[in-house]
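Colleague: Spelled out from the first residue to the last, the chains are:
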Amino acid sequence: MRQAYSKQVLKRYTMIGVVLVLLLLSFFLDVATGPGKYPLSTVFDVFTDPLSHGVRLKVIVWDYRLPVAVTAVLVGALLAVAGAQMQTILNNPLAEPFTLGVSAAASFGASLAIVLGVSVVPAVGPLLVTVNAFAFALLTCGFILFATRLKGVGSETMILFGIAIFFTFSALLSLMQYMASEDQIARIVFWMMGSLSRASWEKISLGTILLAFAIPFSLYRTWPMTALRMGEATAESMGVDVGRLRVEMLICVSLLAATAVSFVGTVGFVGLVGPHIARLLVGEDQRFFVPLSALVGALVLSLTSLISKSITPGIIYPIGIITALIGVPVFISIILSTRREKLS
Amino acid sequence: MSLTIDHITAGYGRKTVLRDVSIKNIQGGTFVGLIGPNASGKSTLFKTLAGLIKPSTGRICIDDQDITTLGRKERARRVAYMPQAFGCNALLTVFESVLLALKQTNGWRVYDDNLDRVAQALHALGLSHLSDRGISDLSGGQAQMVAVAQTLVREPEVILLDEPTSALDLHHQLSVMTSVRAEAQRRQPVVMAALHDLNLAAKFCDRLVLLRNGEILADGAPEKILALSEIGETYRVQTSLEFTQSGDLYVDARLAS
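Line order of the protein sequences matches chains L and Y. According to my numbering, the stretch in the first sequence is residues 4 to 347, in order. According to my numbering, the stretch in the second sequence is residues 37 to 293, in order.
Pulled out of the complex, with its shape left as it was, chain L reads as follows (with noise of 0.2 angstroms):
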C-alpha cells in the first residue's frame, strides 16, 4: 500500500514536471511567435542578453511580446487558482470566478467607465478601465462574502447569488451600452472579449505578486480543502472550521479573480478547464491539485495567445474567442474520453 502510495505521489510530481516544461515551450514560442516570426535561438539570446541582435529585437522582444507572454501565463494561473478553490468551496465542478457574477461586475465596471467616465477611485488617470472593473468585481466579492455571512455560509446560497448578481450587471451592462456612442459600444465590445494586449509591466508585478501570495495561503490550508471534498459533514468532524474556511477562500479568490479579469477582460473558460484537466491528471489531493491546476491554466491561456496571433499573418485575435471557439470542443472532447480509472 505504501509503495503503492509513493509510486502515486511520484507519477504527480512528474505530471507536473511535463506541464511545466510544456508550458515553458508555449511560452517561448509565443514570445517568438507574431507579425515578424524569429527563431528559439534568437530569443533566448536577446534573453541574455537584450541587445544582441540590435535595439529593434530588443524593443519587440522586451517591451511588447514578453509583457503579452507573461501576462497570458500569470493570468492564466490566477484564473486557474481561483477556479480551482471556487470548485472546491462551492462543491460543484462547474463553477469558476464567473460563478458569482464576477466577470459581469468587472465588465459593468469597465463600461462605467468608458461610457460615463466615472470612477470609483479617485485619481487614476489612464487605468481608469482597468481599476474600475478591479473595483467592482471585488465589491461584487465584498457583498457577497457579506451576505452569506448573513444567511450562513452555504454553497447553493452562494450560486444562487452569483447568478443574482450576473442577471443584475448583466441589465445594468445593456443600460451602459444603450446609452453609450458607437465607438464607446465598440470599446467596450472589444474589453468584454478578453485581449491580452492590455499587458504592461506593472500588472505583470502586481499579478505576480497576488500569486505569490495566493500559492502558499492556498497551500497552506490543502489538507481541510481536500478534506471539503469528502463532504461538509465529514470535514467538520475532523475538526475543519468550513464557514471560515469558505469566506478565507473566497476572499483569495475574489482577489485574482478580480484582479485576472481587470487585466484582460472576460475570458471565462480557462477557470473550468485549468482545474478540470489537472484533477484529470492528478486527482484532488489539492496539494498536488492547485499548482498543477495553475500551471495547466497557464499553459491553456499561454497556448491562446499563440494561437490568436499564428490563425492569420499581422492579425491578433481577442482571446476570449479563441478559449471558447478551440477551448471548449477540446474540453468536451476530454471529459468524454478520460474516465475516472485514470485516478490510479
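Keep in mind the hints are simulated off the structure, nothing from the lab. From the three backbone atoms N, C-alpha and C, an ideal C-beta is built for every residue, glycine too. Worth double-checking, as some hints may not be accurate.
As the list claims (entries may be wrong) - With a cut-off of at most 25 angstroms between alpha-carbon atoms, the simulated DMTMM-like pairs for lysine to aspartate or glutamate come out as follows:
1. Lys109(Y) <-> Glu235(L)
2. Lys14(L) <-> Asp168(Y)
3. Lys51(Y) <-> Glu235(L)
4. Lys109(Y) <-> Asp242(Y)
5. Lys90(Y) <-> Asp42(Y)
6. Lys60(Y) <-> Glu110(Y)
7. Lys60(Y) <-> Asp173(Y)
8. Lys14(L) <-> Glu191(Y)
9. Lys51(Y) <-> Glu251(Y)
10. Lys260(Y) <-> Glu110(Y)
11. Lys10(L) <-> Asp152(Y)
12. Lys60(Y) <-> Asp288(Y)
13. Lys260(Y) <-> Asp233(Y)
14. Lys10(L) <-> Asp148(Y)
15. Lys109(Y) <-> Glu251(L)
16. Lys109(Y) <-> Glu191(Y)
17. Lys14(L) <-> Asp242(Y)
18. Lys90(Y) <-> Asp244(L)
19. Lys90(Y) <-> Glu191(Y)
20. Lys10(L) <-> Asp173(Y)
21. Lys60(Y) <-> Glu199(Y)
22. Lys10(L) <-> Glu251(Y)
To be verified - Here chain L is said to cover these stretches of chain Y; the calculated rule only asks that three of the stretch's residues, wherever they fall, bring their Cβ under 8 angstroms from a Cβ of chain L:
23. 129-142
24. 150-158
25. 230-238
26. 256-262
Go by the hints and put chain Y onto chain L.
Modeller: What follows is chain Y alone, placed relative to chain L:
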C-alpha cells in the same frame, strides 16, 4: 483516562434537543452503545461532544479537563467523530482519503509514520485491497468502512461513531464492530457508537445508554438495560431478553399489539 458528560443541554438555535444529559465516568477502553429511537438526540449528543454544537450549559471533561473550552483543531485531535453521512464524488483514492483524515490534526508534511498508520488502519478493517480504489467508486458499505478507518486512524482519546454499521451486511457489521472493540482494548480510548441493532449493541458493548427525547432514560450494563421495560416503551415494541447457547444476549422484538 475517563470521559464525563456533565449536565449538558444543547440544540440547534432556539430548539433544545438535549436536556440535562449526564453520563459519568466512562473509562478508557470502554465501548459504550448509545441506543434510542430516531430523533432521540444521539447524533446531537455526538456533535456536542465533538464540538460541532456548543452546549448552552454543562461540561464535557476528559479526566479533569473541560474540553468545551478547547479550540476546534485541538478538540478534533482528542475527539474523533464519524458522522452518518459518508461517501462523496471526490477524485481521491481510499488511501488518500484516510491519510487526509490523519493530516487534519497532524501537521502539513507526510511522513513515513503517517503512511504506516494509514496502512494499519486499512488493514485492521480489511480494506487493504481497496487502497488504490477511487473513493467515489465504492459501494455504500465500503464507503462506510472507509469512514470508520478515517476515524480510527487519528488515534484519538474519544471515538464517536454515528451508526457505523447502518450500510453494512452481516459479515461486515461483525467485522467492523470487532475491529472497533479491538481498538478500544489495544489503545484504551473511550468508544461510543450510536446503534439501532440492539443485538449488536448487546454483543459488543460494555455499557449501554438509552436516550429518549433528548434525555437519558437508563445507563448501565447491557443485560441490565436491555431487560428494562423502558426499552419496549421507548421503541414502541414488545421485547423479551434471552441468552443464546453461546451465552450472548438476544433481544427478541415484535410490534406491540
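Colleague: Against this structure, judge whether each hint is valid.
Modeller: Results of checking the hints against the structure:
Taken as a hint, the Lys109(Y) and Glu235(L) pair is honoured in the structure, with Cα atoms around 16 angstroms apart against an allowance of 25 angstroms. For the suggested pair Lys14(L) and Asp168(Y), the alpha carbons sit about 14 angstroms apart, so the restraint of at most 25 angstroms is met. For a cut-off of 25 angstroms, the pair hint linking Lys51(Y) to Glu235(L) stands: about 22 angstroms separates their Cα positions. Under the criterion of a C-alpha separation no larger than 25 angstroms, the hint pairing Lys109(Y) with Asp242(Y) is inconsistent with the structure, at around 29 angstroms.
For the proposed pair Lys90(Y) and Asp42(Y), the alpha carbon gap of about 14 angstroms is at most 25 angstroms, so the pair holds. A hinted pair counts as satisfied when its Cα atoms are at most 25 angstroms apart, and Lys60(Y) with Glu110(Y) qualifies at roughly 23 angstroms. As the CA atoms of Lys60(Y) and Asp173(Y) are separated by approximately 42 angstroms, the hinted pair breaks the 25 angstroms bound. This hinted pair does not check out: Lys14(L) and Glu191(Y) have alpha carbons roughly 30 angstroms apart, beyond 25 angstroms.
Restraint check for Lys51(Y) and Glu251(Y): satisfied, since their Cα atoms lie roughly 14 angstroms apart, inside the 25 angstroms limit. In summary, the hint linking Lys260(Y) to Glu110(Y) is not supported, as the alpha carbons are separated by about 36 angstroms, beyond the 25 angstroms threshold. Distance hint between Lys10(L) and Asp152(Y) is fulfilled; the C-alpha atoms sit about 15 angstroms from each other, no more than 25 angstroms. A C-alpha spacing of about 29 angstroms is found between Lys60(Y) and Asp288(Y), which places the hinted pair above 25 angstroms, so the restraint is violated.
Between Lys260(Y) and Asp233(Y), the direct Cα distance comes to roughly 17 angstroms. Compliance with the 25 angstroms bound is thereby established for this hinted pair. For the proposed pair Lys10(L) and Asp148(Y), the alpha carbon gap of about 14 angstroms is at most 25 angstroms, so the pair holds. A threshold of 25 angstroms between alpha carbons decides the hint, and for Lys109(Y) with Glu251(L) the separation of about 17 angstroms falls inside it, so the pair holds. Distance restraint check for Lys109(Y) and Glu191(Y): the Cα-Cα separation of roughly 14 angstroms lies within the 25 angstroms cut-off, and the hinted pair is therefore satisfied.
Restraint check for Lys14(L) and Asp242(Y): the C-alpha separation of about 47 angstroms exceeds 25 angstroms, so the hint is violated. Distance hint between Lys90(Y) and Asp244(L) is fulfilled; the C-alpha atoms sit about 14 angstroms from each other, no more than 25 angstroms. Distance check on the hinted pair: Lys90(Y) and Glu191(Y) sit about 24 angstroms apart at the alpha-carbon level, within 25 angstroms; holds. A threshold of 25 angstroms between alpha carbons decides the hint, and for Lys10(L) with Asp173(Y) the separation of about 21 angstroms falls inside it, so the pair holds.
The hinted pair formed by Lys60(Y) and Glu199(Y) meets the criterion: a straight-line CA distance of about 22 angstroms does not exceed 25 angstroms. For the hint linking Lys10(L) to Glu251(Y), the alpha-carbon distance of about 52 angstroms lies beyond 25 angstroms, and the restraint is violated. Counting residues of the segment 129-142 of chain Y whose beta carbon lies closer than 8 angstroms to any beta carbon of chain L gives 10, which meets the minimum of three for the stated coverage. Counting residues of the segment 150-158 of chain Y whose C-beta lies closer than 8 angstroms to any C-beta of chain L gives 5; at least three are required, and the coverage claim holds.
A stretch counts as covered by a chain when three or more of its residues have a beta carbon under 8 angstroms from one of that chain; for the segment 230-238 of chain Y and chain L the count is 0, and the coverage is violated. For the segment 256-262 of chain Y, the proposed coverage by chain L is not satisfied: 0 residues have a C-beta within less than 8 angstroms of a C-beta in that chain, short of the threshold of three.
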